[in-house]
Amino acid sequence: MYNLGEIAKLINAELIGDAKFNISSLASIEQAQAQQLSYVVNNKYSKSLLESKAGAVIIHESLKDSCTTNALIVSDVYLAFAQVSHLFKHHVNHTIGIHHSAKINNANIASGCCISANVTIGTNTSLGGNTIVEDNTSIGENCIIGPNVTILQGSKIGNRVVIAPGAVIGSEGFGNARDANKHWHSIAHLGNVIIGDNVTIGANTTIDRGTLDDTYIHNGVRLDNLIHVAHNVVIDEDTAIAASTGIAGSTYIGKRCMIGGMVGIVGHLNICDDVVINAKSTVDKNITSPGMYTGIMPLMPHKKWQIVGVWLIKLDKIAKYLNIKLNHLKGN
Amino acid sequence: MYNLGEIAKLINAELIGDAKFNISSLASIEQAQAQQLSYVVNNKYSKSLLESKAGAVIIHESLKDSCTTNALIVSDVYLAFAQVSHLFKHHVNHTIGIHHSAKINNANIASGCCISANVTIGTNTSLGGNTIVEDNTSIGENCIIGPNVTILQGSKIGNRVVIAPGAVIGSEGFGNARDANKHWHSIAHLGNVIIGDNVTIGANTTIDRGTLDDTYIHNGVRLDNLIHVAHNVVIDEDTAIAASTGIAGSTYIGKRCMIGGMVGIVGHLNICDDVVINAKSTVDKNITSPGMYTGIMPLMPHKKWQIVGVWLIKLDKIAKYLNIKLNHLKGN
Amino acid sequence: MYNLGEIAKLINAELIGDAKFNISSLASIEQAQAQQLSYVVNNKYSKSLLESKAGAVIIHESLKDSCTTNALIVSDVYLAFAQVSHLFKHHVNHTIGIHHSAKINNANIASGCCISANVTIGTNTSLGGNTIVEDNTSIGENCIIGPNVTILQGSKIGNRVVIAPGAVIGSEGFGNARDANKHWHSIAHLGNVIIGDNVTIGANTTIDRGTLDDTYIHNGVRLDNLIHVAHNVVIDEDTAIAASTGIAGSTYIGKRCMIGGMVGIVGHLNICDDVVINAKSTVDKNITSPGMYTGIMPLMPHKKWQIVGVWLIKLDKIAKYLNIKLNHLKGN
Chain A
1 MYNLGEIAKL INAELIGDAK FNISSLASIE QAQAQQLSYV VNNKYSKSLL
51 ESKAGAVIIH ESLKDSCTTN ALIVSDVYLA FAQVSHLFKH HVNHTIGIHH
101 SAKINNANIA SGCCISANVT IGTNTSLGGN TIVEDNTSIG ENCIIGPNVT
151 ILQGSKIGNR VVIAPGAVIG SEGFGNARDA NKHWHSIAHL GNVIIGDNVT
201 IGANTTIDRG TLDDTYIHNG VRLDNLIHVA HNVVIDEDTA IAASTGIAGS
251 TYIGKRCMIG GMVGIVGHLN ICDDVVINAK STVDKNITSP GMYTGIMPLM
301 PHKKWQIVGV WLIKLDKIAK YLNIKLNHLK GN
Chain B
1 MYNLGEIAKL INAELIGDAK FNISSLASIE QAQAQQLSYV VNNKYSKSLL
51 ESKAGAVIIH ESLKDSCTTN ALIVSDVYLA FAQVSHLFKH HVNHTIGIHH
101 SAKINNANIA SGCCISANVT IGTNTSLGGN TIVEDNTSIG ENCIIGPNVT
151 ILQGSKIGNR VVIAPGAVIG SEGFGNARDA NKHWHSIAHL GNVIIGDNVT
201 IGANTTIDRG TLDDTYIHNG VRLDNLIHVA HNVVIDEDTA IAASTGIAGS
251 TYIGKRCMIG GMVGIVGHLN ICDDVVINAK STVDKNITSP GMYTGIMPLM
301 PHKKWQIVGV WLIKLDKIAK YLNIKLNHLK GN
Chain C
1 MYNLGEIAKL INAELIGDAK FNISSLASIE QAQAQQLSYV VNNKYSKSLL
51 ESKAGAVIIH ESLKDSCTTN ALIVSDVYLA FAQVSHLFKH HVNHTIGIHH
101 SAKINNANIA SGCCISANVT IGTNTSLGGN TIVEDNTSIG ENCIIGPNVT
151 ILQGSKIGNR VVIAPGAVIG SEGFGNARDA NKHWHSIAHL GNVIIGDNVT
201 IGANTTIDRG TLDDTYIHNG VRLDNLIHVA HNVVIDEDTA IAASTGIAGS
251 TYIGKRCMIG GMVGIVGHLN ICDDVVINAK STVDKNITSP GMYTGIMPLM
301 PHKKWQIVGV WLIKLDKIAK YLNIKLNHLK GN
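Protein chains in written order, with the numbering used here: chain A, 1 to 332; chain B, 1 to 332; chain C, 1 to 332.
These aren't lab readings, by the way, just hints derived from the structure by calculation.
What you are looking at is a predicted structure, and each value in this text was computed from that prediction instead of being measured.
Mixed in with the good hints there might be a few duds.
Remember, identical chains collapse to one label, so a pair may be satisfied in a single copy or spanning two.
[As the list claims (entries may be wrong)] Below, computed lysine to any residue pairings styled on SDA-like, alpha-carbon distance capped at 25 Å:
#1 K303 x G254
#2 K255 x D179
#3 K320 x P301
#4 K303 x K317
#5 K255 x A188
#6 K303 x L329
#7 K317 x K330
#8 K89 x N219
#9 K255 x S186
#10 K182 x A240
#11 K303 x I313
#12 K304 x K330
From just these sequences and the hints, can you work out the full model?
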């Protein structure tokens, strides 16, 4: 618990409001409640700011007039948020073996595991050797967690979940704010990872925790090996994703999708239900219709590829030379 | 050991044959022997079905006439196979330290390792700290296995093999059957991983076990870091594969190939000997001639790429507008 | 310490010089000093060879005349170098718990960690459970090293460094010499990994050690999850790289670059400061101007992609059919 005076000092903010006002935690502008601090990075969110129930908000001075609550005025809002986030980061204590407060109900824990404070593990769940489960994690019934897995604090894992060796659940998201000197400042990720029932997670796959809200893997999802799931990604029910695919932050993937191997999906996208993406494709825009999508360069003998490539990077010039206009190509 | 009556009940099959007939294990239709159960997913395999020595087969009723042995008739053969597979999955017991049945011949085992039942480890082999070796695994002589490695049950590893930290050998394959409600059902992978002599495997690389047959890494193969090798892949002698490449299920890669980094190779392909694939290419068809292959989009300044892209996705329309036919392009 | 007579025998070389001359270590031709052995693979380096201070050099006989020091004449220099490299590889001893020679200054070491000989760990640094730190490693102050991390011998890590779970620092590089029978021979990597201050390294990311010189991650660099950094890569200050990207050997990446996810960067390239590479692009040539670069195939409905692809791989033939020459496209 920090009061606004302390926070203003940390981030070098002008405080408009009550310095003694206590902040319990951080939240997004839409979700923040009376004791929570939020932030708004630009004017696009001025309506959300006006309607927010947040107890206080970090804003740029240009948004002062849209703010009806305590305001912390700074020149770089995102950087200030990065700095404040660390105040509210849960501190993890190391545990030797199984912490006395852990509730383990007829589970099978191999040697070398560390199970920290307030962990609950359900009936018939099995943990392989040298697996780490940090505090406040819950793991349901009939799960099979492999050896050398790392499950970081606050993760919530459902029933009948399989996690293969080497997977990491709840690692910090890759969110960084850049200061005026172009140095990066990490954002402490305060959300968790939530995993539903009947989910499988492949070997050495990594799932980052959310920034403020949670990263969410819904019931029935199948993730293969070496997949990267970034902070605040939501993968909806019964979607299957093949190996080495990467999903950047805050992207939503609908139900019953099938994503091939080594697909790259950029951040903040929305992919609807029942989409199939072929292996190695790049998804850089929303997908709003079910169906199969592809975007890869065909494989050619190297010499052929070199010759084709020469013309490929000149397609605009070819069109100009042939006096082809885009509107010539409509409707045919 | 289960009899056909029990299996028919589990998968809700109509049994044509002897309910007391005992099944010892599962096998593919070509390899199955008298005490084994197999399955055939579609009519393409009716000849194999006719010629099979399997003791029993899971089939759709449309294949009844091609079946000369005990038959389990179901509406969804692949789903039934997924369900049956779990009956024959080897159950792993956790071990503390080194199991008394392990045969370790002058090897150097670091602290924190778990070596399970019936493991054999050859002379002068070294295991780094916190490495897990599950039961029935064999590791040859003069191997260097790094710390935090996971070697799952039944793996066979030759002599002079180097496995870097964090690698996972023998993880479950990514095979799932989908039911009528679009829920996924994992297939229990019953094959193993076989690794020949003089193989090196990079850090955090994952090699999945086979479904019924084995995943096979032949003598002299070099695998870099963060590579994904799926179930039933075969990589033949002296092939080298650079980092972050992924190989989907059941693909065969010939001898002395050189595969660049971050190449994606789709499943069920056949790549002949002495093939070179440049980094980042996608291989989506068989390669039948030695030589060098490439398939990547050239890097451009972003603005250039945007302009080229506009025309690229209209190549078919440009051809139509210019009245170019494919047969115009032959022979020139 | 080996003398040239012993080394000549190992690699089956003709020695021109002093068989009793002692070699302390290996170094590149430019950096080698009086007690060091180097090698030159082809005639391009004859000037470096002439100017070298190396105590001895492995060369092909065609370079004999450019050599003013002790020479080991072989037919395959790179293969001979691979063989010699193993003589000078540091041998790691396993440690149980914390070695008595480790200097740990008020750090917080979780259970299951192995800290080997001559390791130093600074004040307020924390190591998660089951993490391995091999000998001669130094870790600075206020670092947070996650669970299940592997830090291999000789790594130098600065202050305020965060290493996420499952990361591997200092794994062997992927350098192999091929003999006349097309068998691979690993090169023992004798360089280290150097990590500056304020660096973050994501979950399951792997950073290989250098061949002779070091792999270098400078101050302020941010690396996301599942990234591969090959031997002798240098990533300069304040560069951020998103998940699943791979960087091949000996590439230099400048300051303040932002590299998207799943980018592939081939080896021996030079990327200047302030470059932005969009996700999934392939970098296969030097980048000498700051700015944003892209090289990906646009995503299309699969049927559209199939049709476009037909024409794409015939671009050269279309140009020929239309009688377009490259010089037609200049200046427009």
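Results of checking the hints against the structure:
In this homomeric assembly, K303 and G254 come within 25 Å of each other (Cα to Cα) only across copies, at 22 Å, whereas the closest approach inside a single copy is 41 Å. Taking the shortest alpha-carbon separations for K255 and D179, only the inter-copy value of 15 Å comes in at or below 25 Å, while the best intra-copy value is 39 Å. When the C-alpha separation of K320 and P301 is checked against a cutoff of 25 Å, the pair qualifies only between copies, where the shortest distance is 19 Å, while the shortest distance within a copy is 29 Å. Taking identical chains as interchangeable, the C-alpha atoms of K303 and K317 lie at most 25 Å apart whether they share a chain (23 Å) or sit on different chains (14 Å).
Proximity of K255 and A188 under a CA criterion of 25 Å is satisfied inter-copy only: 24 Å between copies versus 30 Å inside one chain copy. Taking the shortest Cα distances, K303 and L329 sit within 25 Å of each other only across copies (18 Å), while inside one copy they are farther apart (31 Å). Within a single copy, K317 and K330 get their C-alpha atoms as close as 19 Å, and across copies as close as 8 Å, so both meet the 25 Å cut-off. Proximity of K89 to N219 under the C-alpha cut-off of 25 Å is restricted to the inter-copy arrangement: shortest distance 24 Å between copies versus 28 Å within a copy.
Only between protomers do K255 and S186 lie at most 25 Å apart by alpha-carbon distance; the minimum there is 18 Å, versus 32 Å within a single protomer. Taking identical chains as interchangeable, the C-alpha atoms of K182 and A240 lie at most 25 Å apart only when they sit on different chains, with a minimum of 11 Å there against 39 Å within one chain. Taking identical chains as interchangeable, the C-alpha atoms of K303 and I313 lie at most 25 Å apart whether they share a chain (16 Å) or sit on different chains (12 Å). Proximity of K304 to K330 under the C-alpha cut-off of 25 Å is restricted to the inter-copy arrangement: shortest distance 15 Å between copies versus 30 Å within a copy.
Checked against the numbered hints above, the structure breaks none of them.
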